[in-house]
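Enquirer: Sequence:
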Amino acid sequence: MNAGYVSLLLIVVALILFASGWKNVILRGITPASLLLFFMLWISFMRWNTDLGGIRVYGCTLLLLAVSLLVMIRTPSFLYRFHLLSIALLLGSVYFFLKETLHLMPAVIWLSSEWTVAASVGVLAAALLRWPPLQIAGLSLGLLIGDAMSACAHREQVAMTLGQAGFQDEWWLTVFAARGWSLLMEGMVAGSKLAYKRVRQRMRTGREPEND
Numbered sequence: 344m345n346a347g348y349v350s351l352l353l354i355v356v357a358l359i360l361f362a363s364g365w366k367n368v369i370l371r372g373i374t375p376a377s378l379l380l381f382f383m384l385w386i387s388f389m390r391w392n393t394d395l396g397g398i399r400v401y402g403c404t405l406l407l408l409a410v411s412l413l414v415m416i417r418t419p420s421f422l423y424r425f426h427l428l429s430i431a432l433l434l435g436s437v438y439f440f441l442k443e444t445l446h447l448m449p450a451v452i453w454l455s456s457e458w459t460v461a462a463s464v465g466v467l468a469a470a471l472l473r474w475p476p477l478q479i480a481g482l483s484l485g486l487l488i489g490d491a492m493s494a495c496a497h498r499e500q501v502a503m504t505l506g507q508a509g510f511q512d513e514w515w516l517t518v519f520a521a522r523g524w525s526l527l528m529e530g531m532v533a534g535s536k537l538a539y540k541r542v543r544q545r546m547r548t549g550r551e552p553e554n555d
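All residue numbers for the sequence shown refer to the working numbering, where the first residue is 344 and numbers rise by one.
By construction, these hints were calculated from the structure, which means they are not laboratory data. None of these values were measured; they are calculated from a predicted model. One should not assume that every hint holds.
[As the list claims (entries may be wrong)] Within a straight-line C-alpha distance of at most 25 Å, the following computed SDA-like cross-link-like pairs (lysine to any residue) qualify:
(1) LYS366 - LEU471
(2) LYS442 - MET503
(3) LYS442 - ALA508
(4) LYS536 - ASN345
(5) LYS442 - LYS536
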């Protein structure tokens, strides 16, 4: 599949889910107007690019950077901003490491290298950031950092390009993976709490006749 088709497919899937009423489950804390504006800007600028000092920059890079900085600015705690930035650096480092070394470990590749990177970074983001706006902001900033590191590492072989179609596919795959892992973890925690409560209730009801 050509680069760029995965992102288009996942955009359609996301729009269908949100139109079906799953927005509050998947992305609670983000208003519908903000999501609509994001999708409109992404579709408008996904193929637009410009040259900045010899670096080819696609519009989605600027969009993700603006969204990440906006979320960080609106975060009230300076300590939490620093925490978000540190997690973004960690995610960017892991993303860069996997991109550069995964071909040396074919045994751990699941489906494809892109899917493996997305699943690995996604589960890490889900474990470190739970609130959807902060999770997507940290994930976006981390992937931007990793993409910039990869472009710098190969600048002598190819021209530096940020946010091209392959990166867009990886961003959407990673966001879907992160939200999927988050919902799975939340479901497991909720199920464990419910099972624990039922076990305690049964233990209490089992002890009542003995006390009588």
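Enquirer: Does each hint hold? Answer for all of them.
Expert: How the hints compare with the structure:
1. LYS366 - LEU471: Cα-Cα ~22 Å, so holds.
2. LYS442 - MET503: Roughly 16 Å between the alpha carbons, so the hint for LYS442 and MET503 holds.
3. LYS442 - ALA508: holds, 15 Å
4. LYS536 - ASN345: The hint is violated at about 44 Å.
5. LYS442 - LYS536: violated, 38 Å
Hints 4, 5 from the list above are not met by this structure, while the remaining hints are.
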